[in-house]
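If you read the sequences in order, they're chains A, B and C. Residue 1 is where the first sequence starts when you use this note's numbering, and the numbers rise one by one after that. Residue 1001 is where the second sequence starts when you use this note's numbering, and the numbers rise one by one after that. Residue 2001 is where the third sequence starts when you use this note's numbering, and the numbers rise one by one after that.
The set of hints was computed from the structure by calculation and includes no laboratory data. Please note that the accuracy of each hint is not assured.
[Said to hold, decoys possible] Cβ-Cβ distance ranges computed for the label pairs, FRET-style: (1) B/Val1205 to C/Asn2107: 28 to 36 angstroms; (2) A/Gly121 to C/Tyr2015: 26 to 34 angstroms; (3) C/Asn2131 to B/Leu1111: 37 to 45 angstroms.
[Said to hold, decoys possible] Simulated crosslink set (DSBU-like; lysine-lysine; CA at most 30 angstroms straight-line): (4) C/Lys2002 to C/Lys2029; (5) C/Lys2135 to C/Lys2018; (6) B/Lys1011 to C/Lys2123; (7) A/Lys64 to C/Lys2059; (8) A/Lys205 to A/Lys3; (9) C/Lys2203 to C/Lys2018; (10) A/Lys210 to C/Lys2018; (11) C/Lys2065 to A/Lys64; (12) B/Lys1004 to C/Lys2065; (13) B/Lys1078 to C/Lys2002; (14) C/Lys2002 to C/Lys2211; (15) C/Lys2146 to B/Lys1158; (16) C/Lys2022 to C/Lys2142; (17) C/Lys2123 to A/Lys215; (18) C/Lys2018 to C/Lys2114; (19) C/Lys2116 to B/Lys1011; (20) A/Lys214 to C/Lys2022; (21) C/Lys2116 to B/Lys1004; (22) A/Lys215 to C/Lys2211; (23) C/Lys2061 to A/Lys64.
No experiment lies behind these values; they were computed from the predicted model shown. Virtual Cβ for every residue (Gly too), placed ideally from N, Cα, C.
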Amino acid sequence: MNKFITYLIFIIISAVIILGLALPIPDIPALGDKARVLYFHVPMSWISVLAFFMSMWYSIRYLKTRDINYDIKSFSSAQLGFLFCILATATGSLWAKFSWGSFWNWDPRQTSIFILLLIYGAYFALRSAIESEDQRAKLSSVYAIIAAVTVPFFVFIMPRIVESLHPDPIINTQGKINMDSSMLTIFISSLVGFTMFYLWMLNLKIRIEKLIYKKLSLIE
Amino acid sequence: MLLKNSFLVFKKDLSSELRTRYVINSLLMFVLVTISIIKFALGDEKVDNEILTGLLWIAIFFTSVSGLSRTFVKEEEKETSTALKLSTGTDSVIIGKLFFNLILTFALNLLILILFILITEYQIKNLSGFLVVIVLGNLGLVSASTIIAAIISKANSKGTLYPVLSFPILLPLLITVINATKLASLGVETDKLFGEIQILVSYFVVVTVTSLMLFKFIWED
Amino acid sequence: MKSIELSAENISKSYSGKIIFKNFSINLKSGDSVSILGRNGSGKSTLIKLLTGLIASNKGKVILKVNGSTVPQNLWYSQIGLISPYLNLYDELTGIENLEFFCSLRNNSRDDMKEKIDFYLNKVSLFDKRNEPLKNYSSGMKQKLKLIFAIINEPGILYMDEPRSNLDAEGIDIICQTAEEQKKNGILIVATNDTDDIQLCEKSINIEDYK
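The shape of chain A in the complex, shown without the other chains (with noise of 0.2 angstroms):
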């Protein structure tokens, strides 16, 4: 079973990657063939803030339980969310820096992706500090829940500051979805195979850091 979904992930991303790259998209004003990075870029910022609420989700269970399982959950998101959003804001930039001139122009989306890799920073520098792992576990846990009632704010916040050039997310302001099926098609793919291959690397990941505190006899 777990062999299957392994390849079907591979299956799957290869395909977006092909599929994506390879096949015409319609002629969308002002973004043409660059739209082809929404198939990356969307998926890489919608698990970077996934795993950031699953972090916190875990922590509250940690807060709750006090099993140390928790801790390592939630640390083992935050680390794989760390990754995607420097590949959210990697693939952003490289596309800003097409459409906009620049890599990095302070747009509200792209303070907001600093933002959260701000907090992840904050979350690991914290961890890094505290010695002794209940305590780590303990704050670490606070921390990232204080860290995630503040982050709606920004809903709020942002348009109300300047307004965005970044493209809609999926849906334009109408409402309607623009893309034609076979993009929606690569779209909706992407979007899951890259989440399946985030949880895939998140249950790796855990097993990897159960082993290690294993050795260290932190749990049995």
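Given chain A's structure and the hints, the job is docking chains B and C onto it.
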């Protein structure tokens, strides 16, 4: 009972601070140094309010992240927290310390504002709106800094960690309050700032409630 | 007279994978006294912290009952007196300010409190020094003040962790008196590596047996 004990904790912190002047003295110097740097950097240049407001909040932010951690760090360093833990519930500790930091921040901000206006000729066209925004901004700032202070008091390398942990948490507040302060100083009516004020109030409420819920996990050893 | 019960079932504690002690169980009720023995660094203080609820155990449970009903852990503090090397009072406050602060937190009425504080200060002969900040106290005087802090609210359970440290003969005498007093109404737990302290208690436990 809760309020009485919170007040006692606040009073204890205040009188021990007034006696040692540990935080106050260094923070006063910090404010002076920061304001002087701003003065030297600006020279005689006439700068518009957009930049001045940013500078003002840089001074406020760094003053608070260099002083507000002290109230918790001291309890840990001097190992007095155990005595406090054995004498009162967790809620009164966090509320008392919140109050202490609030008073400290208000006092320092008053000083920063006066010095800042004196040296930069900062014009405030809508004073009442400006003050409302500054006070609300400080409420959120203190609330978030206090709970982060409690976290870092248990960690190593406290000094450097404090700004690192506070900044991402405070950023939504800072962006909003800088914008609102700028608008008020330019003379925008207070009721036009209603959106910003709403965000500032809800930020304060959300962070304070979360702090009260999570503090017990930090406070136990 | 309130009756108090403290029971621990198979509690274990480890730090960074190192076991401090495991499967420690104890059952105490009013009138009981026990001394905990062990070398320096053997985990006596950790055990005391666990029993006072200052830290949580990895496994097992500590239960505190007053008059038969279980006290939730966030209210344990009202039943506990602790004197230990890792508990300090405020250096910049005077002796009387320290005691007044902690007493009023515990909801004592003003007159009651004044009377009690004066009584105890006289008992340990610190009354003359009451208006001096703690930073001017010697370590023995601080230890005496910590003793007052521990017993002033007549705790159901009194924990003494290395109670003799820095004390002179008179101080040690007061410790012994306090211990006798405590055994009449409550539970006494002494962590020590001093053989004289063992005689204060009826039972004695060696923490090395739980490694």
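These are the hints, each one checked on the structure:
Taking 28 to 36 angstroms as the suggested C-beta distance range, the pair B/Val1205 and C/Asn2107 conforms, at roughly 30 angstroms. Taken as a hint, the range 26 to 34 angstroms holds for the pair A/Gly121 and C/Tyr2015, whose Cβ atoms sit roughly 28 angstroms apart. In this structure the hint that C/Asn2131 and B/Leu1111 lie 37 to 45 angstroms apart at CB is violated, the actual value being about 33 angstroms. Of the supplied pair hints, the one linking C/Lys2002 and C/Lys2029 holds, its CA atoms being roughly 11 angstroms apart against a limit of 30 angstroms.
Only pairs whose Cα atoms come within 30 angstroms are accepted, and C/Lys2135 paired with C/Lys2018 is rejected, the gap being roughly 37 angstroms. Distance hint between B/Lys1011 and C/Lys2123 is fulfilled; the C-alpha atoms sit about 28 angstroms from each other, no more than 30 angstroms. Simply put, A/Lys64 and C/Lys2059 have alpha-carbon atoms about 15 angstroms apart, close enough for the 30 angstroms limit, and the pair holds. The hinted pair formed by A/Lys205 and A/Lys3 meets the criterion: a straight-line CA distance of about 17 angstroms does not exceed 30 angstroms.
As the CA atoms of C/Lys2203 and C/Lys2018 are separated by approximately 28 angstroms, the hinted pair is consistent with the 30 angstroms bound. The suggested pairing of A/Lys210 with C/Lys2018 holds, with an alpha-carbon distance near 17 angstroms, which does not exceed 30 angstroms. A C-alpha spacing of about 24 angstroms is found between C/Lys2065 and A/Lys64, which places the hinted pair at or below 30 angstroms, so the restraint holds. At roughly 27 angstroms between alpha-carbon atoms, B/Lys1004 and C/Lys2065 fall within 30 angstroms of each other, so this suggested pair holds.
Restraint check: the Cα-Cα separation between B/Lys1078 and C/Lys2002 comes to about 35 angstroms, which exceeds 30 angstroms; the hinted pair is violated. Restraint check for C/Lys2002 and C/Lys2211: the C-alpha separation of about 35 angstroms exceeds 30 angstroms, so the hint is violated. The hinted pair formed by C/Lys2146 and B/Lys1158 meets the criterion: a straight-line CA distance of about 29 angstroms does not exceed 30 angstroms. The suggested pairing of C/Lys2022 with C/Lys2142 is violated, with an alpha-carbon distance near 34 angstroms, which exceeds 30 angstroms.
A hinted pair counts as satisfied when its Cα atoms are at most 30 angstroms apart, and C/Lys2123 with A/Lys215 does not qualify at roughly 55 angstroms. A threshold of 30 angstroms between alpha carbons decides the hint, and for C/Lys2018 with C/Lys2114 the separation of about 47 angstroms lies outside it, so the pair is violated. Only pairs whose Cα atoms come within 30 angstroms are accepted, and C/Lys2116 paired with B/Lys1011 is accepted, the gap being roughly 22 angstroms. Distance hint between A/Lys214 and C/Lys2022 is fulfilled; the C-alpha atoms sit about 18 angstroms from each other, no more than 30 angstroms.
Pair hint C/Lys2116 plus B/Lys1004 holds up; C-alpha atoms about 21 angstroms apart against a cutoff of 30 angstroms. Our distance criterion of 30 angstroms between C-alpha atoms is met by A/Lys215 and C/Lys2211, whose separation comes to about 20 angstroms. Proximity of C/Lys2061 to A/Lys64 is assessed by CA-CA distance (about 16 angstroms); at most 30 angstroms being required, the pair is judged to hold.
When each numbered hint is compared with the structure, violations occur for hints 3, 5, 13, 14, 16, 17 and 18.
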